[in-house]
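Given the sequences, and given the hints that come with them, work out the whole structure.
Number of protein chains: 4
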Amino acid sequence: MSRIFKAFSQFTLIFHIFKLNKIKLSMIKILSIVIALSFVSNMSMKKKKILFFGDSITRNGELEDGYITQLNKIAQLEGMSEKVEFVGKGIGGNKVYDLYLRMQEDVIAQNPDIVFIYIGVNDVWHKQSYGTGTDADKFEKFYQAIIDSLQSKNIELILCTPGVIGEKTDFSNSLDGDMNQYSKIIDDLALKNGIVLCNLRGEMLKYNQANNPENLEKGILTKDRVHLNEMGNTLVANTFWKIIKERI
Amino acid sequence: MSRIFKAFSQFTLIFHIFKLNKIKLSMIKILSIVIALSFVSNMSMKKKKILFFGDSITRNGELEDGYITQLNKIAQLEGMSEKVEFVGKGIGGNKVYDLYLRMQEDVIAQNPDIVFIYIGVNDVWHKQSYGTGTDADKFEKFYQAIIDSLQSKNIELILCTPGVIGEKTDFSNSLDGDMNQYSKIIDDLALKNGIVLCNLRGEMLKYNQANNPENLEKGILTKDRVHLNEMGNTLVANTFWKIIKERI
Amino acid sequence: MSRIFKAFSQFTLIFHIFKLNKIKLSMIKILSIVIALSFVSNMSMKKKKILFFGDSITRNGELEDGYITQLNKIAQLEGMSEKVEFVGKGIGGNKVYDLYLRMQEDVIAQNPDIVFIYIGVNDVWHKQSYGTGTDADKFEKFYQAIIDSLQSKNIELILCTPGVIGEKTDFSNSLDGDMNQYSKIIDDLALKNGIVLCNLRGEMLKYNQANNPENLEKGILTKDRVHLNEMGNTLVANTFWKIIKERI
Amino acid sequence: MSRIFKAFSQFTLIFHIFKLNKIKLSMIKILSIVIALSFVSNMSMKKKKILFFGDSITRNGELEDGYITQLNKIAQLEGMSEKVEFVGKGIGGNKVYDLYLRMQEDVIAQNPDIVFIYIGVNDVWHKQSYGTGTDADKFEKFYQAIIDSLQSKNIELILCTPGVIGEKTDFSNSLDGDMNQYSKIIDDLALKNGIVLCNLRGEMLKYNQANNPENLEKGILTKDRVHLNEMGNTLVANTFWKIIKERI
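Protein sequence lines correspond, in order, to chains B, W, H and A. Read in order, the letters of the first sequence correspond to residues 2 to 249 in our numbering. Read in order, the letters of the second sequence correspond to residues 2 to 249 in our numbering. Read in order, the letters of the third sequence correspond to residues 2 to 249 in our numbering. Read in order, the letters of the fourth sequence correspond to residues 2 to 249 in our numbering.
Take the hints with a grain of salt, since some may be wrong.
To be verified - Now the in silico label distances, taken between C-beta atoms and shown as ranges:
#  : chain 1 : residue 1 : chain 2 : residue 2 : range
1  : W       : E157      : H       : S130      : 40 to 46 Å
2  : H       : D138      : B       : N194      : 44 to 50 Å
3  : A       : G195      : B       : I244      : 51 to 57 Å
4  : W       : I109      : B       : N112      : 40 to 46 Å
5  : W       : Q105      : B       : K193      : 19 to 25 Å
6  : B       : D149      : H       : K224      : 29 to 35 Å
7  : B       : S153      : W       : R248      : 35 to 41 Å
8  : B       : N112      : W       : D149      : 24 to 30 Å
9  : A       : R103      : B       : N216      : 31 to 37 Å
10 : W       : S153      : B       : K193      : 27 to 33 Å
11 : B       : Q105      : A       : N239      : 41 to 47 Å
12 : B       : S153      : W       : N212      : 53 to 59 Å
13 : H       : E65       : A       : D225      : 52 to 58 Å
Unchecked claim - Computed list of lysine-lysine pairs in DSSO-like fashion (alpha-carbon distance at most 27 Å, straight line):
#  : chain 1 : residue 1 : chain 2 : residue 2
14 : A       : K219      : B       : K193
15 : W       : K142      : B       : K142
16 : H       : K139      : A       : K219
17 : A       : K207      : B       : K207
18 : A       : K74       : A       : K47
19 : H       : K154      : W       : K207
20 : H       : K154      : A       : K224
21 : H       : K185      : A       : K139
22 : A       : K185      : B       : K224
23 : W       : K142      : H       : K219
24 : B       : K50       : B       : K154
25 : H       : K185      : W       : K185
26 : A       : K142      : H       : K139
27 : B       : K219      : A       : K193
28 : B       : K219      : A       : K139
29 : H       : K142      : W       : K219
30 : W       : K142      : B       : K154
These are calculated hints, taken from the structure and not from any lab test. Backbone N, C-alpha and C fix where the C-beta goes; we use that ideal spot for every residue, glycine too.
This is the structure in structure tokens:
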């Protein structure tokens, strides 16, 4: 409704301008110009819908200190709230094939412009905790299947490496081997599919190398080795914002 | 080629019959009768294509003593070789979502009439051996997705419960709990989707209760607690044959 | 000290009785009677110290509804509080080799008369949850080593089978296979070492078969599939009491 | 027995020498010289017994290309065969508490001078493959108990970090996290107990960084990611020899 109303007001305005200039134009010509201008204006006004597709880390991103909440504040502070809209689609315990099973409903049906895929922690962690982690080769297959489906809908993707399971910086966290391996798979998928990689794992490691001199396993960016504390959410929000800013 | 040739010979034969009877019929009428008859005859002659969709147990089914090899012999002995054709599509280490990922190519593209889905051992076993087993709820979801896809192609399905991981009969095999649970999921899926269940696990347990008085963990139906020996393959072949026979 | 004092008072009392009755007895005779009586009286007066050696289930046994608390009440109700004393030595997460590592301090140094060994749940459970369960053969070895050490101190042992991980009655709880196997190992150890077996697993299964018609996995005897609710603690307390009563 | 016999023959010989030289010495003086000489001669003649206490890697150390076989050759080449004797006590699949359970028989009863403790791979690996790895804190406890027992027998210990499970050099081998953690525990134990550390893991990583440019997971020092090939055995033999040489 409001788009039509805006287009009509613009038409009226332009019509008067042309009249004032005593320029004779057929109504059809004027109308076509108006419609073209209207589209341009609508395009620049339409909010970019950015969707975060992930697990409990993304679910918690919507809490008070969460990274999605923080992104909303950043956008507001930078006066860009009108240009961007954030949608969180995180479910606790999700692995890559859970995303695959719900991508139609939770992503495609939402018509997002950009999707951050932020998955992998449980694919590794559940190997240890439940015996139901994801084989590396299947991780890649389901991830590629998600990429194929979303790219076919012209959604721009950003692939994130999973953060941390344990914050020790000397690669002695129990699952560092797999975390590094699965991050490499995501890195390779980004390269192969021409997609931007957001290396959260690298950023978190860098932060810990500078701020975790005691080699603690939690408490720097996470509350419990995995789930982000406020600082961790801030790191993710800032890292994501750099990528988002260039796209809105 | 041979179908067309058969149809042509039938046409010629019928044409002569009609001629002998001095009945005048337009060629078109005769031809249409011939084609109709030809279809009926072809239908009864067309071999039923039966596909076994599974893991290493099915892969080994094609070996010398394998259950697929044995089924071929049974069909021959019972003079039904012309009516049925067996295709093995087993890959070692496969879990339910591996079947899901390859069902288009390995099942649908093969145009089978009947598909035995024989999966589940690795979904349970890999929890212990690699930490990458399948969560019970995901097992059900992917299994249902396979059912939906194959049923939409009018393929008749037979769902099999996974056999055994260990042959002890007192439910003290390490993975009996999960094997029973996943078998129940398959049983429920069969019921819910109106599909025939082939309870291999039940059959194997029954056999062991009668033939494994020492409560051994292998050597009765399996070589190594999981993979079938000749007797195990015979049990599967016979169990499958009962179901197949009614359908050809 | 108090024993000697009691013996002395008894001696004085008896001496007076004899004196009053004008019976002449040599001091030696009197003394020997006194000592004999004293022993009888001490024996009946000395509390049997019963120690429960286990994991979090035993740790929780000391809580308000816990089985050790309940045993204390039962002993009181049956007027046997003076004869028995209960000591809980349970530590959360303990496996058989944790008991082994702390048996000197937590059992032998406590001088108990009877020890209930109630272990095994974590040896099985941690296979799934942490990848650090106990191999069946090591379970047996460390258990036997505990038996050897405690028997060498003349402590009477009662071996308990571990209860449940999941209360479903159709052996479809994920870890039923191992729970049955480890229970069998304990049963065999009891037999081999001439020790009384307290088959808690059997009792719990029997109770569930009668009281869990919906095949629920928790809520009958446990709060969370493993840790006992009040009813579960009552079942354990009653089962233990039958064994204790015969020994005090 | 043989030492006493040798000492006696030496005494007889020396006695005759002194007699021939018509030198009068009291028997006591002669005897004391004999005993002194006997000790010197025994000391220089006694081979150092070096025992390798470990798992399948040590078991394989006795094969044709094994590190123990190679150590024997090195000792021979360097003309030190007479000074040193190597004993392999490796059993496939062993974890730290297996060593604990057999240390009396397999180490103490063997009277070694030096023991290389080379354990840890299965403590980590079995978490993944069987769910029966060793908790980090129990690993430390049992390891310390072994140290205490062997040190109390005046055996010199050398603690080795476990080699590798996967040879990739970027810490993306699935179990690198734990391997690094358990190596640190061993390092700390060495420090705390004043024992020499032999950092095999460090040596192998260094070798791979120089010789595994393709980041392969096996084939450089191992046949199968864990068990040493000839080159791996050579690396271990050389690393051990440096430590041994200083002690014989």
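Evaluation of the provided hints:
1. W:E157 x H:S130: 40 to 46 Å: holds (41 Å)
2. H:D138 x B:N194: 44 to 50 Å: holds (49 Å)
3. A:G195 x B:I244: 51 to 57 Å: 53 Å Cβ-Cβ, so the 51 to 57 Å window holds.
4. W:I109 x B:N112: 40 to 46 Å: violated (30 Å)
5. W:Q105 x B:K193: 19 to 25 Å: holds (22 Å)
6. B:D149 x H:K224: 29 to 35 Å: About 45 Å separates the Cβ atoms of D149 (chain B) and K224 (chain H), which means 29 to 35 Å is violated.
7. B:S153 x W:R248: 35 to 41 Å: About 39 Å separates the Cβ atoms of S153 (chain B) and R248 (chain W), which means 35 to 41 Å holds.
8. B:N112 x W:D149: 24 to 30 Å: holds (25 Å)
9. A:R103 x B:N216: 31 to 37 Å: holds (35 Å)
10. W:S153 x B:K193: 27 to 33 Å: holds (32 Å)
11. B:Q105 x A:N239: 41 to 47 Å: violated (59 Å)
12. B:S153 x W:N212: 53 to 59 Å: With a Cβ separation near 55 Å, S153 (chain B) and N212 (chain W) satisfy 53 to 59 Å, so the hint holds.
13. H:E65 x A:D225: 52 to 58 Å: Hint holds: Cβ distance 55 Å, inside 52 to 58 Å.
14. A:K219 x B:K193: With Cα atoms ~26 Å apart, K219 (chain A) and K193 (chain B) stay inside 27 Å; holds.
15. W:K142 x B:K142: holds (18 Å)
16. H:K139 x A:K219: violated (31 Å)
17. A:K207 x B:K207: holds (23 Å)
18. A:K74 x A:K47: holds (19 Å)
19. H:K154 x W:K207: Cα-Cα ~48 Å, so violated.
20. H:K154 x A:K224: Violated. K154 (chain H) to K224 (chain A) sits at ~50 Å, over the 27 Å cutoff.
21. H:K185 x A:K139: holds (26 Å)
22. A:K185 x B:K224: Satisfied, since the Cα-Cα distance of roughly 24 Å is no more than 27 Å.
23. W:K142 x H:K219: Between K142 (chain W) and K219 (chain H) the Cα gap is close to 24 Å, so the pair holds against 27 Å.
24. B:K50 x B:K154: The given pair, whose Cα atoms are some 14 Å apart, holds under the 27 Å limit.
25. H:K185 x W:K185: holds (26 Å)
26. A:K142 x H:K139: holds (16 Å)
27. B:K219 x A:K193: Holds, because 26 Å separates the two Cα atoms, which is no more than 27 Å.
28. B:K219 x A:K139: Since the Cα atoms of K219 (chain B) and K139 (chain A) sit roughly 22 Å apart, the hinted pair holds (cutoff 27 Å).
29. H:K142 x W:K219: Holds, at roughly 24 Å.
30. W:K142 x B:K154: holds (24 Å)
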